[in-house]
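Given the sequences, and given the hints that come with them, work out the whole structure.
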Amino acid sequence: MTRLLLLAGLALLFAASLLLPVGTLASLWAQDRSLTLAILWELRLPRAGLALAYGAMLGASGAAIQALFANPLASPDLTGTTSGAALGAVVTAYWLGFASPLALSIGAVGGALGALLLLLALAGGRAETATLLLAGLAISALAGALTTLALALAPSPFAFYDAYEWLMGSLVDRSLGQAAFAAAPALVSILLLLRLRPALDALTLGEEVAQSFGHDVKRLRLWVVWLTAIGVGACVAICGAIGFVGLVAPIFARRMTGGHPGRAILPAALIGGALLLAADLASRSAPLGRTLPIGVVTALLGAPFFLWLVVHMRWRLK
Amino acid sequence: MTILEARRLALPGRLEPTHLAVEAPALVALVGPNGSGKTSLLHALARIGGAQGEVRIDGRDPSALAPDARRRLLAYLPATRDVAWPLSARDLVALGGGGFDEVATELDLEPLASRRMDRLSTGERSRVLLARALAPRPRLLLLDEPAANLDPAWQLRLMAILRDAVAKGQAVVAAFHDLDLAARHSDRMLVMSGGRVAADGRPAEVLAGDAIQEVFGIRREGPDWALI
Chain S
1 MTRLLLLAGL ALLFAASLLL PVGTLASLWA QDRSLTLAIL WELRLPRAGL
51 ALAYGAMLGA SGAAIQALFA NPLASPDLTG TTSGAALGAV VTAYWLGFAS
101 PLALSIGAVG GALGALLLLL ALAGGRAETA TLLLAGLAIS ALAGALTTLA
151 LALAPSPFAF YDAYEWLMGS LVDRSLGQAA FAAAPALVSI LLLLRLRPAL
201 DALTLGEEVA QSFGHDVKRL RLWVVWLTAI GVGACVAICG AIGFVGLVAP
251 IFARRMTGGH PGRAILPAAL IGGALLLAAD LASRSAPLGR TLPIGVVTAL
301 LGAPFFLWLV VHMRWRLK
Chain Z
1001 MTILEARRLA LPGRLEPTHL AVEAPALVAL VGPNGSGKTS LLHALARIGG
1051 AQGEVRIDGR DPSALAPDAR RRLLAYLPAT RDVAWPLSAR DLVALGGGGF
1101 DEVATELDLE PLASRRMDRL STGERSRVLL ARALAPRPRL LLLDEPAANL
1151 DPAWQLRLMA ILRDAVAKGQ AVVAAFHDLD LAARHSDRML VMSGGRVAAD
1201 GRPAEVLAGD AIQEVFGIRR EGPDWALI
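Chains as they are written, first to last, in the numbering used here: chain S, 1 to 318; chain Z, 1001 to 1228.
No lab work stands behind these hints: they were computed from the structure.
Quick reminder that beta carbons are idealized off the backbone N, C-alpha and C, glycines included.
There could be a bad hint or two in this list.
To be verified - Over the 12 Å line for every Cβ pair with chain Z, so calculated as not near, a few chain S residues: (1) L20; (2) L40; (3) N71; (4) L142; (5) S156; (6) P157; (7) D162; (8) M168; (9) V209.
Unchecked claim - A partial selection of chain Z residues facing chain S, derived with a Cβ cut-off under 8 Å: (10) L1065; (11) R1071; (12) P1078; (13) T1080; (14) D1082; (15) P1086.
See below:
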């Protein structure tokens, strides 16, 4: 029942993202049908599709990372994955001189992979919250500083200006082709993450019991790291770094699965997609006369939630 | 009938190469000081952490089986009572592949069924985790300190449950710290020391032998144990 409601909400948000404001679109339809279709096909669809794919990827990978680290405060952004991906993309674009979506994606996936492997080396397999957050913070800070440095020293004097909107996280003005470059790897990663559900659920009983069940925990860890790096990296390459969705979505998803961390991957993906679609709608309906970067919206909503989580709930919300 | 046969079982740095055969029905007690290799032997039998050597349970190699089949062959209960996520007791038992209702009565779990694991006492959590291992009725139960955290009555009920499992044809290999509890209820006792089996035999013979004195540094004084 909850899942049906979630699916209905997701479909509603997707339709809203395509069609709002309906009045304007309807009057345009009366005047010029081909222009309306072009707007829907070339502007609205990539944007809504990217929001859905990126949000779902953040939700699914957040749930998988939280299950892997047995820690509800792990997520792609708090582990430094998204910052690593941003660094990889910036270096590829401004230093190596490759700006095609494929090259950016490869650079971002490399950066994300580097950040996750560094985190595993620093914090270990099943990390204490403090170790995990500190290691993630250090990696994020390092990747952020290196990104700024790479932009400041870039051969192009306009690098900062160019990259600003992307760095803040943006779904605006992406073509269908670009959207596909993010959505396809995200979809494949989510589907493969779903196959890891039983092993991730077994980790609830600890690594040793999961091994006694016959799950190869080392291989499981590498699968989660690779799939997260590929899916999140590809999305960051096209849309920049978007925070907090990967933290928040799994926490709500586990409420629907009785706490099962692996089974939460699918609902976390749906909630993540819904959250990013909603954040995108909020970013373009804000009465500020211009569209806010979507990363700013998720941070404005997500950061207070994170604070509330840390201060009041501590371990209870696991 | 041989239910468990293990050859050249070893974990580098923790367990010396060990052979072990267990005939069903049998409750085998593992005793030994802290760090003597009890957990390592259980790990090696459950194929955890890169264990070397061969294990056959009912003639089958557990490493070659998929998780579902493997959970009917063996269950491993670790000494830690930590659970990473706050599942309900019922859901937690189901993670082991068995049904909650099958073990709820003997472990008195009905009142705990829908309660979250993080809101149970350590003893209650121990019972739920034990139920997780027992519920699939595996051929071989590998239990690390199943009596820890249980009150005296529950320790006795635990031993009765294990005897019952053995009577139904399962085999149990379990580590204990209470020598007398282990001796009274087991069919066979292994004394571990320095990552190898220092003594192996009927509990009465093992307790009467020199191994306990040498390994633990304690000796019998009437009904009690005393430091040497």
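- Query: Which earlier hints can't be squared with this structure?
  - Reply: Numbers 3 and 9, in rising order.
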